[in-house]
Amino acid sequence: MSHVNKASQIKEISGVNPLKCMKCGKCSASCPSFNEMDIKPHQFVSYVQNGDIESLVNSKSLWKCLSCFACLERCPRDVKPAKLIDAARQLVVREKGATYLSPDEVPELLDEDLPQQLLVSAFRRYRR
Amino acid sequence: MQRIGVFVCHCGSNIAATVDVKKVAEMALLEPGVVHAEDYQYMCSEAGQAKIQAAIKEKNLTGIVVCSCSPRMHENTFRSAAEKAGLNPYMVEIANIREHCSWIHKNVEEATEKAVILARAAIAKVNLNAPLKPGESLVTKRALVIGGGIAGIQTALDIADAGYEVDIVEKTPSIGGRMSQLDKTFPTLDCSACILTPKMVEAAAHEKITIYTYSEVEKVSGFVGDFTVDIRKKARFVDAGKCTGCGVCQEKCPSKKSLSEFNRGLNTRSAIYTPFAQAIPNVPVIDTEACIKMKTGKCGICSKVCQAGAIDYEQKDEILTQKYGAIVVATGFDTIKLDNYDEYAYNQSKDVITSLELERVMNAAGPTKGHLERLSDGKHPKEMVFIQCVGSRCSDGRGKSYCSKICCMYTAKHAMLIRDKYPDVNVTVFYIDVRTPGKNFDEFYRRAVEDYGVNYIKGQVGKVIPQPDGKLLVQGVDLLDNKQILKEADMVVLATAIEPNPDVRKIATMLTASIDTNNFLTESHAKLRPVESPTAGVFLSGVCQGPKDIPETVAQAGAAAVKAIGLLAKDKLMTNPCTAKADELMCNGCSTCANVCPYGAITYEEKEVNDHGIRETRRIAVVNSALCQGCGACTVTCPSGAMDLQGFSNRQIIAEVDAICR
Ligand SMILES: Cc1cc2nc3c(=O)[nH]c(=O)nc-3n(C[C@H](O)[C@H](O)[C@H](O)COP(=O)(O)OP(=O)(O)OC[C@H]3O[C@@H](n4cnc5c(N)ncnc54)[C@H](O)[C@@H]3O)c2cc1C
Ligand code: SF4
Ligand code: SF4
Ligand code: SF4
Ligand code: SF4
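Residue numbers (our numbering), protein chains in the order written: chain A, 599 to 726; chain B, 30 to 691.
Simulated from the structure, these hints should not be mistaken for laboratory data.
These numbers come from a predicted model, not from an experiment.
Backbone N, C-alpha and C define an ideal beta-carbon position, used for all residues, glycine too.
The reader is advised that the hints may include incorrect statements.
What the hints assert, rightly or not - Residues of chain A clear of chain B, computed beta-carbon distances all greater than 10 angstroms:
#1 K604
#2 E610
#3 G613
#4 Q647
#5 W661
#6 K662
#7 Q688
#8 V691
#9 E693
To be verified - No farther apart than 27 angstroms at their CA atoms in a straight line, the calculated lysine-lysine pairs in the DSS-like style are these:
#10 A:K658 with B:K512
#11 A:K618 with B:K577
#12 A:K618 with B:K512
#13 B:K512 with A:K662
#14 B:K492 with A:K662
#15 B:K492 with A:K621
#16 B:K286 with B:K379
#17 A:K658 with B:K487
#18 A:K662 with B:K487
#19 B:K487 with A:K621
#20 A:K618 with B:K429
#21 B:K429 with A:K621
Chain B with its partners taken away, still in its complex shape (with noise of 0.2 angstroms):
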């Protein structure tokens, strides 16, 4: 018979205003092997461990069942606590009384009552619970660092600081992101290049940085501490170690047809072709659908230039399987496609380009070579509107529901900068809300508008009517003067909204990492864990996990390099106890458990066994402790019922459904 003591938390009046918590505690009394019980205003605060430790000790408790928030906020505060005072820590449950009872209900009899249940459930389940031992995995010393934007290369560079191997996944055949595209960035306007090229050479150089490009993530398998990955990197049909970077390649070749990926589309590269003057690697690729001698067999041009030699049209994709600890996703963003929004005549002129497409259209090495001309005519446009909140804040299905946060300040910084280089041009701004929190982000708006004259109207776009003259009629309002206002422009910018990369479903579901509604991946506890996603040993850097600008991509990415090198330092890792297990004698050997096993944590052994004095052997499950998660779905599927979790077996479970429907 076990000695259980219940312990209810008041959390103040978080719990106590709802629950009678006095009540609580003399129910829990009666209860069968329950020989102790207190109530106290903050269980976990040292005060309230004190008193679980004394009663453990003073009565020889066996047990415990703790009345307070979910076991996610505090059952590891309260297991260490018994450990401490000598008791096993899987001999501690919780009754989640706030967040299951205080906080949903109103009438305090009622919660009163559930509350009471809970703790009945809890008592009913420890009364069966037995001590159980945590084992140990090894953990490898490397993180994989999956896409090479600021984020994934801030979080590389940290961790790599701190001694310990990263790799560096990125699909696109260069390092850099998004931000490799961006011109000046606010809030102090530096050229986005002459602060990233740094970090991006820095990164390459780094001797504990390995960097795949043109590779992607394959399968990856394990857990926290010993995860497998197998990284395909996509053949590039030149050689590496040969390339000397010279571009003559890209010079000559006759195929130059193919839309640029790095300036969005406005102009075109060749068949092989390196994405930028400053990529990290500077080793072309060739494009497999654009390139004369893929299609043809004819051509091989850039072969017979290349003076080093490198140019292989038989190269294969290879398969690189390699074993990590830790696992960091960096997969970023992309500005949404426009095609829902017809009303901004987007698909209907070159000259309504996003916001995305100005900074390439800004930048020297873009499509117009830093001049600032509409992309239908080549004219220097006189009168430019720019639109914000283009497809963000739509909960009508067309477009995103949350703010995208960043175009706000970059509408600024575009309006200020073209006013500060083109004073003749006319720059107005259709906002909803300016929203510029942020260290200096409120008065760099400010300067747009006093110190550039940038016009600021309150009101949104209704149309843009593309003129047979090639001018765009802006249809819009001023909701401050409440008048329609009629305006021709040459040029409309859209502050487009961003989206998670779409590839990051897949990435998510390879890693069981969870993403929400928008696809953000979503992190552990949105305050106190935010770079963390629930699912061990991953964590998020940059704009997958939420819309963010440098600074703040920056600061988590150092954030998420902490958490993965909390964990690289460890030589091993505790594993969850709570695994499962066959019973041997109930267990036919029919392979239904291994086929739902998510972690292919279940082998079958030819095993003796004594079934009541008759000896055989049999084909029985055995359960690799250190790959089962202890999810559970075996358990449930063993139509013999042989299969049980340990901490948490059928009769614990059956238990508690008694006790809360007796």
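Isolated chain A, as found in the complex (with noise of 0.2 angstroms):
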């Protein structure tokens, strides 16, 4: 899959638009996992606007955003940028074969490996 491809496919998942930030910081202002990351949120924007998808799905980040949604709450724009991290994970998850679950089929599949951020964030996705 192309990096167009893939950029154009988390702008779809995630609804984001990356060109209304207006590259102000209050998103990384506001994360409480910042330093954790290696990638930051208002780069989660840039990245997805330059097309580096490749950088994203690899990042440390993917599995340090908490899904607080703080960026997303406080973004002055609305860009969302807990989004576009929670719409890499997906893909990474998708790709990797991944489709669908019954709520009944989650505590069976949990275990210590499974990031919690996948299932806070897929819960916290239909809050809003």
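These two chains come separately, so use the hints to put the complex back together.
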């Protein structure tokens, strides 16, 4: 899959238009996980804008974002950076061949290695 | 039968690149009544106008159609050109083949077809046009300025200096506006009161200026040159003729707990008060909500101590009706409420303040007598953090989408003033962009950085967290270092977005002036008519039209004055002849039209008519052509089809539609 393709896939999954970002950094200023991340929340936006999805899906940030949605709540431009990293996460999961789960299947699948963010984010996503 | 000439303009390549102008001219020649058609590069140029005039004379034209830009641009140009060649100006029609055609289409074939159709419609209309003659109306040589901030004061002074009477209506007890609340002003750092007070005094002393403070415009009727305005003078409960401004009443008043509006609620004032020491007029008002006498009947101290006997608890609001030729709106602005921005802890901590509050804190007449101190405990701060763009440039529905324009500069001002007066205080500014276009503005900001050591950080603040020990923990980001910053501060100052005074909606409705989605008053043309409202006779001055600083406000105030003077200098105005008229034989006097007329232009008369030989007296609608603005509301409402707009009759409009649908 080409870079362009992946970038547009991320935009589609997340519904985010990176061009709305004015690069103010309020997302990164708000993020409680900032110091754990290699690519920072405001960079989620620029990486997608520049089509560098490879770096994003291989980043530490992918699993460090807590899905707390602070960035999304405070962004003055309504960009929703958290949705981008979440979409990148989904991309990884989809590529691994995983599909939809029913809630009954979840407890059985829960194990040490399953990134909690994935679940948290999935649940939160449907809240908003 | 009309003899019509059609003139197709290329507008350089604006039209000609997308519309086959030769084809439009050719096709026009096939239309009924058309005896002449030509195209030219710039019809609005002198050469173009000469072509039109030559054709009118040579071909004995009785009407013309110019296929060009919007009539808002050049209808007048072509009408007066035609008039000079002996044609009635109302025999000129414009087919807008630029804004409505070439600019919005790409395909030449389609655009040409549309241009031909638009020309056809205009030709069909001219075929039914009749010469019209404008009437005349007198101009009242007096101007009204709504709002007594620096904008209103400057406009009033300029109009008055030209020799015309001006009334200023100001809502609060004193003129002066926001500028009276500022401490020092960029870019020269002169004290605001020192440059404003002389202007206030000059306005008050000017023989041509009357100032109504504590007053509001309540009703506006009429039209350009002849407005009638009701002004409500709110009761001050102090006789301005007797009061000497000694201030004893304010000193002795026992009710001292009302928040001072002038000091942005940072301290209190008495129930009887003048907002600030240099207030004009220096006559107090009694706040009825706070006055003990008004609430309980007891007290009356101010009346007892007033040597001049000026206190009058029985005073009533007065309504004053006055005529004006021109109205200038100068209602200014306020800072937005910060309720949507919990992350900055404005409502949680007294030490998080807006920049306007800081102006009061820094001012010698302010709540801290000009000492920089924390409002929670009075301690001198060591670390101050400024946050720019608070509520500005927000498209998330919480704030304003626009840049407030003045805050980059006043933040640099505040930072510099603090570093100058208190070198022990560290100042950090979080910014998204530093926007300082303007004469000597960027140099000003650079001085803050280079000479005063203000620490500018490119990045925003995510949240401000009040600490148990009273400090403020500021969590921000430095985008250039790509680091998150946690900084302890003693005070945080928010460069809060500005918005038009919320009152402006009411004023705009009364004046039928338009406002944009942000409540700023709309100018008639963003580039070419920036101080005129689209409503004739209404002009715009100051921040009510858009964010601006004092130099720009004063320049615009002067421009608005010039436009008003240009109007007042005329003795008579030509009225638009495109007014409504009832067909006496069709009107049945039902009153429907008068009910919809927004200008109150329609009355009814008992009139004798001759209806096919039958003579009888009927109730018939009569339009006052001086009041009618030609809006056409009555023509579409009339159930009998009796009401028609001259120049835009139902027949003409139907003919246009027919021509388009052919
Ligand atoms: C914190 C801060 C600092 C600033 N510092 C500077 C600076 O250093 N240098 C600089 O050049 N500019 C500065 N400015 C900008 C400056 O304040 C404005 O440019 C200026 O005040 C605009 O004047 P105005 O007359 O248009 O509006 P205003 O000053 O708001 O005046 C409007 C007046 O109209 C009155 N009014 C409103 N509604 C009605 C109504 N319905 N009927 C009657 N009256 C009404 C109001 O009471 C007010 O008196 C600063 C602004 C802020 C917020
Ligand atoms: S807060 Fe929004 S606008 Fe600002 S940098 Fe982050 S995504 Fe962009
Ligand atoms: S949602 Fe993720 S990126 Fe956004 S603030 Fe929370 S942890 Fe940071
Ligand atoms: S009468 Fe009212 S305004 Fe006068 S002194 Fe008493 S409380 Fe104050
Ligand atoms: S003037 Fe400066 S601080 Fe104010 S909104 Fe514009 S960019 Fe932000």
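Cross-check of the supplied hints:
no. : hint               : verdict
1   : K604               : holds (24 angstroms)
2   : E610               : holds (21 angstroms)
3   : G613               : holds (15 angstroms)
4   : Q647               : holds (15 angstroms)
5   : W661               : holds (19 angstroms)
6   : K662               : holds (13 angstroms)
7   : Q688               : holds (24 angstroms)
8   : V691               : holds (28 angstroms)
9   : E693               : holds (29 angstroms)
10  : A:K658 with B:K512 : holds (16 angstroms)
11  : A:K618 with B:K577 : holds (26 angstroms)
12  : A:K618 with B:K512 : holds (23 angstroms)
13  : B:K512 with A:K662 : holds (16 angstroms)
14  : B:K492 with A:K662 : holds (20 angstroms)
15  : B:K492 with A:K621 : holds (17 angstroms)
16  : B:K286 with B:K379 : holds (18 angstroms)
17  : A:K658 with B:K487 : holds (25 angstroms)
18  : A:K662 with B:K487 : holds (25 angstroms)
19  : B:K487 with A:K621 : holds (10 angstroms)
20  : A:K618 with B:K429 : holds (15 angstroms)
21  : B:K429 with A:K621 : holds (17 angstroms)
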